[in-house]
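Line by line, the protein sequences are chains Y, H, X and A. Using our numbering, the first residue of the first sequence is number 8, and each one after it goes up by one. Using our numbering, the first residue of the second sequence is number 49, and each one after it goes up by one. Using our numbering, the first residue of the third sequence is number 28, and each one after it goes up by one. Using our numbering, the first residue of the fourth sequence is number 28, and each one after it goes up by one.
What the hints contain is simulated information worked out from the structure, not anything from laboratory work. Hints should not be assumed to be uniformly reliable.
Unchecked claim - In the DSS-like style, the derived pairs of lysine-lysine whose C-alpha atoms are separated by at most 25 Å in a straight line are: (1) Y:K30 to Y:K67; (2) A:K39 to Y:K152; (3) X:K69 to A:K69; (4) Y:K223 to A:K82.
Claimed, not checked - Reference listing, derived: stretches of chain A covered by chain X, where coverage requires no fewer than 3 residues with Cβ under 8 Å from a Cβ of chain X: (5) 45-57; (6) 87-97; (7) 103-109.
Just so it is clear, the structure is predicted and the values come from calculations on it, not from any experiment. Every residue gets a Cβ at the ideal spot worked out from N, C-alpha and C, and that includes glycine.
Spelled out, the chains give:
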Amino acid sequence: MSLAGERREPPATPALAAEHGLKGEEFARLVRALGRQPNLAELGIFAAMWSEHCSYKSSKVWLKRLPTKAPWVVCGPGENAGAVDIGDGQVAVFKMESHNHPSFIEPYQGAATGVGGILRDVFTMGARPIANLNALRFGDPAHAKTRHLVSGVVAGIGGYGNCVGVPTVGGECSFHPAYNGNILVNAMTVGLAEGKRLFFSAAAGIGNPVVYVGSKTGRDGIHGATMASAEFDEDSEAKRPTVQVGDPFTEKLLIEACLELMATDAIVAVQDMGAAGLTSSSVEMAAKGGVGIELDLDAVPTREAGMSAYEIMLSESQERMLMILRPGAEAAAQRIFAKWELACAVIGRITNTGRLVARRHGKPAVDLPLAALVEAAPVYERPWTAAPLPQPVPIRVAALPTGQVLLRLLNSPDLGSKRWICQQYDHTVMADTVASAGGDAAIVRVHGTTKGLALLTECTPRYCQAHPRTGGRQAVAEAWRNLCAVGARPLAITDCMNFGSPERPEVMGQFAECIEGMREACLALDFPVVSGNVSLYNETNGNAVLPTPAIGGVGLLADLGRRASHALKRAGDVLLLLGEGPGHLAQSQYQRLILGHEAGPPPPVDLSGERRAGEFVRRLIAEGQLDTCHDVSEGGLLVALAEMALAGNLGIALTTAEGHAFWFGEDQGRYLLALPEAAADSLLAGAETAGLRLRRLGSAAGDALTLRGEPPISLQTLRKAHEGWLPAYVAGDTDKG
Amino acid sequence: MKAAVVVFPGSNCDRDVKVALEQATSKPVHMVWHGEAELPKLDLIVLPGGFSYGDYLRSGAMAAHSPVMGTVVERAKQGVAVLGICNGFQILTEAGLLPGALLPNAGLKFICRDVHVRVEQSQTVFTNACEAGSVLRIPIAHHDGQYFADADVLDRLEGEGQVAFRYCQGPAAGPANPNGSARDIAGVFNAGRTVLGLMPHPERAVDPLHGGSDGRALFQSLVAALA
Amino acid sequence: MGLKARVHVYPKPGVLDPQGRAIGQALGHLGFTGVAEVRQGKLIELSLSETDPAKARAQADEMCRRLLANTVIENYAIEIVPQGGR
Amino acid sequence: MGLKARVHVYPKPGVLDPQGRAIGQALGHLGFTGVAEVRQGKLIELSLSETDPAKARAQADEMCRRLLANTVIENYAIEIVPQGGR
Ligand SMILES: Nc1ncnc2c1ncn2[C@@H]1O[C@H](COP(=O)(O)OP(=O)(O)O)[C@@H](O)[C@H]1O
Ligand SMILES: [Mg+2]
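Next up, chain Y with everything else stripped away, as it sits in the complex (with noise of 0.2 Å):
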């Protein structure tokens, strides 16, 4: 057969097969499963396809064993994007997504494009976006690197998003050495549908129109899928022209000009085109239906002229989409994208012949058996080593009053307020923002009712990288608790597996054990994965980032009228201590910033009463009796103490004497309750026979917190350390951004 170039291609040879990344046994496979050598274009195809990026080969083994069925699930993983029934017909579709790599070489389109990406995913269901949410990671501060990367991943979070209409609504943003190399930028976008309307990407109907609409195609990215599956080295610059650039504006129109064909029934399937473009959204939506794909390149749109077939499948130009339609259905799809100025082009038709063609000036360039190209990409059962939970340390606490202590955390960068992040981020755009970044979860309004989704992603990587089985537990335990701590039913969750290289047994079983962590997790606490993302080879020269697993979770407030929030709203109040805890400093920030090591087995996680006490906070929210609860995370009581008096602007008189490991321990299944006077002692009196351990610490009262015998720090000196370490930080900032 001969197949038609753009220009005189070189032969698809093994070392032309390993620059795509494919391995020499994995060349054999292809050969043997094609039946005859690939030209070029289909070299690219099966390297793009059986990267890690698209085919999960390394990771999906153990993806199967995470939970992902419910009643109110009405799509688990597989799709572009989960969804969960949340009453009334409606459902919250969501889902998270890595953008690393390019991150790190472009910071800001990088991350813009990450979210143009995860809206598309969304958006692709049938779903309008209603929130985004974004869990950032970056390297020391001190490395040189660092703030021209926060800076710039920052700015294109909200460049994008702000621009598109969708609020930014939460996240987190940490710190640490391990990331030096390898930042981690998670995006994930929720959005809202009617279940009846939901829109899927199996491709079906012999003969129906195949058709491309919005940006044109670029010569952008080409390689990034399989950029984003190998590990980065020395000559990374030299990747960089595959840098895309993102376009806002544009998808804002798509976003709009989707939907308003969604409200017509002019659709069989869509799909976006994200990593490897035209190929893996056709290739999927074909081997999902069964079915055969032919596609004429020559009607592509694109941005430059002499395009091959090569780089017309495999281009990452952003903000497009391919859809089937139903025969006869075109014109009105071409009415609605002329009006939003969009390219709308029929490429090519539904098949019965199990094969990708695509014709290029007329002639085949691509002519491949799907089932190739799926069922015999390579699935491996990696080695792994499970890591043992490390030895108990002996832990000397320092010789600092409490208060000095609590204000070097709170100034410091994981602890310290992310203020100067989020007042970038339109959070208050569509007018449903009820609550934002700062709180446990953030709350948005489900447009025109009385209900709100309740929105948070999480994840502890020190605690993952010292016993990663506990850590996959904590990440799941803690998304549950903060959506209990807002009063909201905790639904599903959306997962992004940020790991360094699966080839090493070591980081295979840091995987492995996250994983069943979050199954041990999502079992106990009812919490299903319904969508997620796995990003791998996220290491430099064998440095390796801390295993995160970053969790996304969404639950359900019926009634908006009955919810908590941190911030303290009445003197007099009286805080209580939900669960109890030995005083957990091994692996707690407290041993990081004050002690400087970080040591020891992560806090232990008691799923049983983790639910016990979550299920017990949500009653009272629920029943009115409770409007002020934190879950204590990170830093410890103390630091989520203080986080209630800065939001309220309320002080707190404590009249608890305590040392350091009480203060500071992060022990895990806690939370802080904040009642009247009278509330507060029947609660107490009915705690033992509901089997809870409650507390009493002291109460709101002031403008300055109290610890007994020390001076009370006044809420501006606590304001001051915990607003000024990231603005200072960033002030430094002498690169470009």
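We have chain Y already, so just place chains H, X and A with the ligands on it with the hints.
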């Protein structure tokens, strides 16, 4: 009151302001695509916030040339009330309906947070429900909100009572300036005070769930004056 | 072969140029001395089908007045160069 | 009297230029025909105390590489002109 909200490519507060208007008027609000040059008889035209044309080139520049804008300018000249919020304010200055221009924020960053603004004029269709000198808490969300005009233009605006709102720190507190605006100006009127442009988003403060409902005063004023 | 109009758009003297100022500061932090002032403007390159330089300039001038520059805050200058020229 | 470095920063060929594209469309809507392509870039003018043109260029070049241009997606060009020159 018959009100219309213009939708430009890239508008993203069109629905929000429609909701706020409908809440205040209990009447349906007409949504107008920017390509329509014909408009029905209207009492109020709103240019909403967002990023018309992506804010590319200059915010508001391209939208100011949309087909609908010729008609908006005509109606404004006839005295029909025109309200531009955020990007709508930028469009009004680009279209020449309001003096001055909006430059990138002095800090060169997008700012989204609540601000306080002092009501400088209460005898207008937009502010009659407020007392002069009263202070409203309303969110801002913009990258290009730094109000600029030549000194003589500013003097004239102040002299003629065309400054609508100024940023301040709070009800009994001094001036504030989140974005470097000349003379702390957050909103201005045309000479007849029938056209208002302002950077803060009153439509995002009309419900206790928003954390405040000071923005309602503007919509109530419009109802009182135009219904 | 048409012409290229290169339009330079600058903040007017007297109009704050925070971008220029920020660049000046950043250059200082990077250790560059001897930079007295920095102004940042826009550069817009238009590939025109017009082949007569005078007409091309007139066209570009009208584009500037109507859209490309806001004369409340900006000045502009036009250069006409051959297509493909720098 | 020092020199002025005029730095032109452009999106690299092949890199999407959403601004340029939108400007081109807007010009079309305004009735300007015959505009084939629009690219938008930045123009940065630096007043330098350096008086030797070769050294001024070398300085500006380093500023571009370190700060002014994002060489991942942008190209730049430097012109050295006398202070006060256009
Ligand atoms: N990158 C970010 N984007 C938006 N909001 C953020 C980001 N980082 C942190 N936040 C917000 O700051 C608050 C504190 O974050 P975090 O310290 O992670 O909370 P917690 O420890 O309670 O889980 C949260 O409300 C979160 O939404
Ligand atoms: Mg929390």
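Quick rundown of the hints versus the structure:
1. Between Y:K30 and Y:K67, the direct Cα distance comes to roughly 19 Å. Compliance with the 25 Å bound is thereby established for this hinted pair.
2. Restraint check for A:K39 and Y:K152: the C-alpha separation of about 24 Å stays at or below 25 Å, so the hint holds.
3. Pair hint X:K69 plus A:K69 holds up; C-alpha atoms about 5 Å apart against a cutoff of 25 Å.
4. As the CA atoms of Y:K223 and A:K82 are separated by approximately 43 Å, the hinted pair breaks the 25 Å bound.
5. For the region 45-57 of chain A, the stated coverage by chain X is satisfied: 5 residues place a CB nearer than 8 Å to a CB of that chain, which reaches the threshold of 3.
6. Requiring three or more residues with a Cβ within less than 8 Å of a Cβ of chain X, the coverage given for the region 87-97 of chain A holds, as 5 such residues are present.
7. Here's how the region 103-109 of chain A fares: 1 of its residues keep a CB closer than 8 Å to some CB of chain X, so the rule of at least three is not met and the hint is violated.
Hints 4 and 7, counting from the list given before, are not met by this structure.
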